[in-house]
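> One-letter residues, chain by chain:
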Amino acid sequence: MALPLKLEKTHKAPGVTLAGETLALDLSGGLWLPEHRTLVVSDLHLEKGSAFAARSGQFLPPYDTRETLACLHEAVARLDPARVVCLGDSFHDAQGPSRLDVADRALIAALQEGRDWVWISGNHDRAVQDGVGGRFADILTLGGLTLRHEPAATPEPGEVAGHFHPVGKVAMRGRAVRRRCFVLDARRLVMPAFGALTGGLNVRDRTFDALFPGGFTAHLIGDGRVFAISRTMLTRD
Amino acid sequence: MPKKRSPLPSLPDSPAPPAALPAAFADWFAARGWAPRPHQLALLAAARAGRSALLVAPTGAGKTLAGFLPTLVELAEGDGKGGLHTLYISPLKALAVDIARNLEAPVAGIGLEQRIRIETRTGDTPSHKRTRQVARPPHILLTTPEQLALLVAHREAAELFRGLKRVVLDELHALVTSKRGDLLSLGLARLHRLAPGLAMTGLSATVREPDALRRYLVPQVPEPVMADLITVAGGARADLHMLETGRTLPLAGHTAWQSMPAVYDLIRTHKLVLVFVNTRLQAEYTFQELWNLNDDGLAIALHHGSLDATQRRRVEAAMAAGVLRAVVCTATLDLGIDWGDVDLVINIGAPKGASRIMQRIGRANHRMDEPSKAYLVPANRFEMLECRAALDAVEEAAQDTPDPRIGALDVLAQHVLGMACAGPFSDDDLYDEVRAASPYADLTRDDFLLVLDYVATGGYALRAYERFAKILRGPDGLWRVRDARTAQQYRMNVGTIIESTKVKVRLARRNRTKPGAVLPAGGRVLGEIEEDFAETLTVGDTFLFAGEILRFEGLHEDEALVTRGAPGTDPAIPSYAGSKFPLSTFLAARVRALIADPFEWDRLPAQVADYLVQQRRRSVLPGPRDLLVETFPRANRHYLACFPFEGRLAHQTLGMLLTRRLERAGMRPLGFAANDYGLAIFGTRDLSERIGREPGFLGRLFAQDMLGDDLEEWLDESAMMKRTFRQCAVIAGLIERRHPGLRKTGRQVTISTDLIYDVLRKHQPSHLLLRAARQDAATGLLDVARLGMMLARIQGRIIHKALDRVSPLAVNVMLEIGRERVYGEGADEILAEAEAALLDEALA
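Chains as they are written, first to last, in the UniProt record's numbering: chain P, 1 to 237; chain W, 1 to 844.
Hints in this document: simulated from the structure, not taken from any laboratory. Among the clues, some could well be false.
Cut-off 20 Å, straight-line C-alpha distance, at most; resulting in silico cross-link-like pairs (SDA-like, lysine to any residue) [as the list claims (entries may be wrong)]:
#1 W:93 - W:174
#2 W:373 - W:270
#3 W:504 - W:525
#4 W:504 - W:310
#5 W:502 - W:525
#6 W:762 - P:235
#7 W:502 - W:331
#8 W:502 - W:311
#9 W:504 - W:737
#10 W:502 - P:235
#11 W:373 - W:404
#12 W:762 - P:199
#13 W:504 - W:462
#14 W:373 - W:244
#15 W:502 - P:176
#16 W:93 - W:126
#17 W:762 - P:104
#18 W:762 - P:74
#19 W:373 - W:403
#20 W:762 - P:101
#21 W:801 - W:707
#22 W:762 - P:69
#23 W:762 - P:223
#24 W:502 - W:308
#25 W:93 - W:131
#26 W:93 - W:177
#27 W:502 - P:237
#28 W:504 - P:237
#29 W:373 - W:260
#30 W:762 - W:708
#31 W:502 - P:171
#32 W:504 - P:235
#33 W:504 - W:555
With the rest of the complex left out, here is chain W (with noise of 0.2 Å):
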């Protein structure tokens, strides 16, 4: 909600004229001393006008307040009868329930709390209300886009959304980027069709490119239209800067330890400070280190998505009343709510990517016309390469927010089964409703009729399931479900976040009367742990988890049990720190622009730039458009390291396709090892012998082609695919989350839709879901488009150096070797190393 300033000068490109305020509410901005805002004013016009309109704003513009006061004006001037008039769509349930809050005030002082009711609609609203709020829905309804997948699914829904005036989404740039966009998209089209003149509003934080959010917000059918733009420039430069202590920085790691004590002073100097890491275990690392320099016993809080709830909203509220100085945190606080009056932010490791700086940085002092302040801590010289990159590009307000994504099949799957709970549907008009979702404007009719097929009988070639299907087509044409029990099924089921299997962590009572045992009731729960990392502990293994070293006992049903790990002791198990948001192609190419360019150098800590020196003087520096290749011996093993800059996922991809080929090229790989800028392979035999004697080794090494028949081969057995198959399996319905009297665990769907994949891999590989999966693995886990990219710019701009030992750009990938590991790979090593073991055993 608004606070105390004055009206910025901004021009909406809007065509509908300016609209005055109503009386009451005119009255009610002067009471506290504020004026409308141009691009609020802008709003209500395109309302009056009946329009749909984009408002994109950076954080403190009041966009919520312009997004709701059209349908305030029009509650105050209407009846106040009719059924709902707005509903108001956010990614986080918390979000709307804050929302709902904050409308008290204005809806109170503007003297409506007697004409206009409004409600919240999330998982945790009890089912009495929500079967109330249907049959008697409020004028306004905040929700989220699984509730709406719900709502219009239901069978009043037609009834209910009637009279629906307006949708509000919040946050939009944040919405439409994942499968939750696509369903979200597809639940928009179906309002379109339910209630004629319904007009939307998006409210965003700057992008890329608003045009594509422009369509999202509008049917695209008859023709690709979009909805009125309103952009509220600039507001206040952001003051943010690199943190340098002075101290020199390692050449690979994520811990930032050498910048911790300058945290700490920072934190000291300031009210309130929210440190943003990449990753849970860089939280709980962080948080450890600032509390061991904590002499001034300072209210540091931790806070992510693995921690107890209770927890988190304890951390919230401590926020909100204004009692902790800093709150080391993940992206769980990058969206939505002001917990507090935050007045620096610090994102400590590699920026990642412009846009979600900016937002970040956009958490401090949530006012649009004060600056707000930040520091970015690089945690190795590398990353400081990467934040001068941001730094540049948040200079010029760059965004690199991703593309518009084509509409997942998988999730419009769930949706078609959705849509026949609603009602009797004729193919024809689904798939033109659907087209009118942007992401699935190009859908082909072809494609569109394999989904309704696979959601009928599953898509089979083998026509096996016909009298089992679940929506079934009747001699009028028209597709219905086939009974109440499907319907049920798809409620239970609904929505895109798969969340990884979690296992709760909980503090074990040690056994009094049996030293070393523990007992495994009676203590509380911390949060949870994801199953993979779990399975990896054993018994006595020490980590860091909510703050403290914990030390395993063991898995108890669905439990992991700890202990608290005794003074002193150091974590032995050495947490992945790494990014899990790959380096985006806009910031990589900006480093690759600025290793490229000596003048730029004087703009680097010196530190970088002594290193770029030293690289330039013992190997070369890359062209901002060239691949360099280094290849050297090293300790018996031969190294061939490359720096396309494309991103940890795209170069382990990159590296499994290179030692496939040097397989078979006869050259004996035995291993590599990525992060995020580049990529070292190693093995017996001589690289640099043999690119010598061929010239045209290299090219044919990096060509185009590997993204064929070799992708292909390795994706088929590549346990990454298994798991985005997985997702695709359960978004589609393949398999149940959750089953109507039935509980099913996630360790039970893992095995399944592994088998799954093999079988329909060899009987069916055109199937729909594995089509899903590879569009996903193109852009997701695997990141074979951005890899194609990659491989389609170098070409014939290899440049390779044969030198004698490791080069300073080699260093920060070489000290990756051994860290990572990629599951499911290799597994008879593994069991040929167990089985050894046994040998040990019957030889000792």
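Next up, chain P with everything else stripped away, as it sits in the complex (with noise of 0.2 Å):
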């Protein structure tokens, strides 16, 4: 077999536009918006572990939490941004926030700790309203953007969502590779879902035809870097 191409790690992050906006789709799998200096995040699923052992009796471990917080304590340390969107279904249900561990509850007010910090609310944490710090919106704009957790049935232009934990799939040479990624046209853009333990959605999903009826470009997020993948060469699972 041949070796893993031996890539530095880059978190120069490919620069794509939205309705006229700078997008930096970075490593971590948040979005970067420089010219706001906001950092967006989607599908964070805090206490999706104690959430399981809570409902069905299966222990996954209870470090999701500090692992997804974890990751984003990188991009906000590396990024340094003013504002910080979770674009909704931040926590895994709306108990979540009351079962967060001291110290990871400690972690959340310190990322916030100076920054503008907005929770969107998604369909999982839609009873989330305090608590947790921050502010609470459905929808936020930003200069030509629109920030919301599910993409509306008519897209604006400028739409920036989540929702759907997209995943796309390669498949050469007898080797498959399938990772989180983010999906973009010309007027909308679905983010990876940010969470430790959060699954993914095949692009290959007609949900995804419906959403992006001309046809999409998928950023996947590798180890090293994001790749940019055409829908053709994206397999189902």
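Now that you have both chains on their own, put them together as the hints suggest.
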């Protein structure tokens, strides 16, 4: 077998534009808006592990919240955003905040320190409206961009949404690679899930055909950088 | 069941005196012209003395009747009342059903059919019958290890097993080598506790270390003891040969196409031939080749685990009915049932292990006093060496069955939850009980408590799940299961066999209105293929399956849709044709010894001897304990080839570790290839020059400390390790295979366990399940343990040869380059290639 390419890890994200705004697709899975000094992350699903334990008796590692926050901390420390927008489903369920470990709660507070922190509400965490710092909103407009959890039925230009946890899969020479990805056309962007224990929906699912009737480019998050890959190169699960 | 034969002289070394048969039994034997064999009487004597015993006998010795005889005698002498008397456990549910059928004749012949109730209990038994079996048990129950686990976890278990007298364990040698054997040992430990005075009867083929099985049968607490041993010697010597066709065999490859005409001739001149191969894909290929030669229209069938069950049943029935002339099969027919009068066994490809080959040979002529006839068919010149080594081993009746297992912690976790479902327990009692099982005899109390903690709340350092605990310790100090739902979850997820996710292969109908398109519904299901394999197919690919060339038309929901390939098409997808069993340590040592000793070479086919002579002339032949390392340039690359003979898995692990070291040493390795015999690494820097310049370089490269940090680092990101972890997570119940009211596909399980693995490794690397996965990796997919033994063996014994071109020995492994694939590694390379395609598109 051939050895993996020795690529230097690079956070120099590919720049794309949407509704006239410059967007940087960050290796962390976050979206960096340099003109607004804003970091957008979607679908953190904090306390997913404990939600499973509470609901179904499956004891997933209770470290998912810490891991997700650690990744977020890395991106925040590197980019030093003035604003952080969590694009919905930040908690796996409405009781998530009450199950937060003390240390994790402190970590969130530390991240929020000195920044505008916006929790956009999602379908999992609509009932969370206080107790975790920051402010709450359903939709946020930043310049030409509209930030919301679920993509609208009729897309408005410049929409940035999450909700679907897109992943892309490339199969070549007898090997398959399946990774989280940003999905993009000229009108809208669907963000990958940021949470440590979040699964994904293949972008070849017909859901994405409806969202991007004219086709899309998927930006897959590799180990060392983000790769832009055309729909035709992606396979179903 | 016994066929007509005279008793063989054999001396049981059991302390019990021989026992006499009751008159009704003696009459039954006499009426058939049979006499009970010494080992059958010895087992009866052991039973009368209330002792557990292991019967080791070759195929055809009448083991099964021997195992049941004491029970039949006791039941005949009893009052016909009483509950469950004997439990029979077999690795195959089909075998349990078959034995139940075979018992009918003696039971009826001795006139016991009114007195003895015999039933089977498998996954296929309807639930009303299972309920009835617990309430009103038969005298003899034939079942599987998984069903035993469910039964001992039943709330009525104490009542059900109170009067149990005997457990008969069939094919014990096959049961104990896996996690299934661990689970079974724990179930037996519970039975010993529920039914004091319970005796075990183990039935086994010949094994290297019968003492391990003897310990397995009896409680190891308060002190280690062994069951009695009854050995039936020998049986007739096998009539075994290497098939030599006179044609020159290639240096690599596994298809054995050169030998197919000779194999076909053998089929033509015998009544029923079993043609064993090592993998499903080899089975497909061999079957296809034989049909191409089949001018006589002989009835040749195919049998492997991926075929649809009804199709397999049809083949088995046809064998039993005597209408088949040959069956091409994989390990699915290794064990157990006699489907017909097989008069020849042919093993295609490398034998891989002496005991395995003896088992397979035993499938022919299932009578102990007549020789089994068999041929070994090597597919390449290295396999000729391996076949010679196997022939020698069979000649000496040398065995290479694996070492006894150390009980897996994930299996123990499953069992602990099951025991809580059965009823309240104290941790002291359960700890003592578990250590009675020989795989767990050395379990420390600390580890036991860790398992208990894992079952209760997941075993996390961050005590997050206390209030969701699955088992709870009451004020009386006893542990109890949380609720009925938890017990139901346990029952739905019992067992240790984690099947790789499969997709159905369905023949699609062509869409008449739309040429080229297919309709998803309607066609019949041909069988199943592994999802891993299906994922690599693209529409239009052709591949061999179920004896046909199929064209892949796409995945539709959970099914792979196919159409029949046009006549004359060649299968385009090169299927991996290697062996899934690694070469046994024992055979490997014999192969090394053969190579090292020129006086042995005249016993080898001339082409192999010539090949070794060439190797000695151009390079060197290593001694039996040496490691030969060759370095040479070829086509702008520099190669390092070495020949440890430790099996493909260990070599792959070694390859990953050596390339890391070479990378650090600035030697720019590009990749490697491995097979059962050796390993070749290639790169851009001159290795011969470096080794010549730096005397200690090779010694350091192969130093044992590579199993330290380098291994850890690699394991962390290894996809194989993730797969191993997934199995542990499912067995230990971290992830459920089935959840009440929910359907969860294997695909979803795969994703989440990879994520769980990453998170857990980062935040609690000492977690019980990571330990369990590491323990598995040592012997399983990565074969680290074997690699460690090899590295110890070769210290100071590395022989380096700098060559100006590839040596004869190295050709074999060089031919593997570019053929194999390793899952999951080098993801960015694939992504970069896909991205380049987008760029091309943009520039076009």
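> Under the criterion that the straight-line Cα-Cα distance not exceed 20 Å, is the pair residue 93 of chain W, residue 131 of chain W satisfied?
19 Å, holds
> Do the alpha carbons of residue 93 of chain W and residue 177 of chain W lie within 20 Å of each other, as the hint requires?
18 Å, holds
> Checking one constraint from the list: CA of residue 93 of chain W to CA of residue 174 of chain W, max 20 Å. Satisfied?
OK: residue 93 of chain W and residue 174 of chain W at ~14 Å, within 20 Å.
> Given the proposed pairing of residue 504 of chain W with residue 310 of chain W, does the C-alpha separation stay at or below 20 Å?
14 Å, holds
> Are residue 502 of chain W and residue 525 of chain W close enough, with their CA atoms no more than 20 Å apart?
With Cα atoms ~13 Å apart, residue 502 of chain W and residue 525 of chain W stay inside 20 Å; holds.
> Compare the distance between the alpha carbons of residue 762 of chain W and residue 199 of chain P with 20 Å, and conclude whether the hinted pair is satisfied.
19 Å, holds
> Please work out if residue 762 of chain W and residue 74 of chain P have their alpha carbons no farther apart than 20 Å.
At roughly 15 Å apart (the allowed maximum being 20 Å), residue 74 of chain P and residue 762 of chain W satisfy the hint.
> Compare the distance between the alpha carbons of residue 762 of chain W and residue 69 of chain P with 20 Å, and conclude whether the hinted pair is satisfied.
Status holds; Cα separation ~14 Å.
> Keeping to a limit of 20 Å between CA atoms, is the pair of residue 504 of chain W and residue 525 of chain W held or broken?
7 Å, holds
> For residue 504 of chain W and residue 235 of chain P, compute the direct alpha-carbon distance and say whether it is at most 20 Å.
Satisfied, since the Cα-Cα distance of roughly 19 Å is no more than 20 Å.
> Going straight from one Cα to the other, do residue 502 of chain W and residue 308 of chain W come out at no more than 20 Å?
12 Å, holds
> Would the pair residue 502 of chain W and residue 237 of chain P pass a check requiring their Cα atoms to be no farther apart than 20 Å?
Satisfied, since the Cα-Cα distance of roughly 13 Å is no more than 20 Å.
Checked against the numbered hints given earlier, the structure breaks hints 6, 11, 13, 19, 21 and satisfies all the rest.
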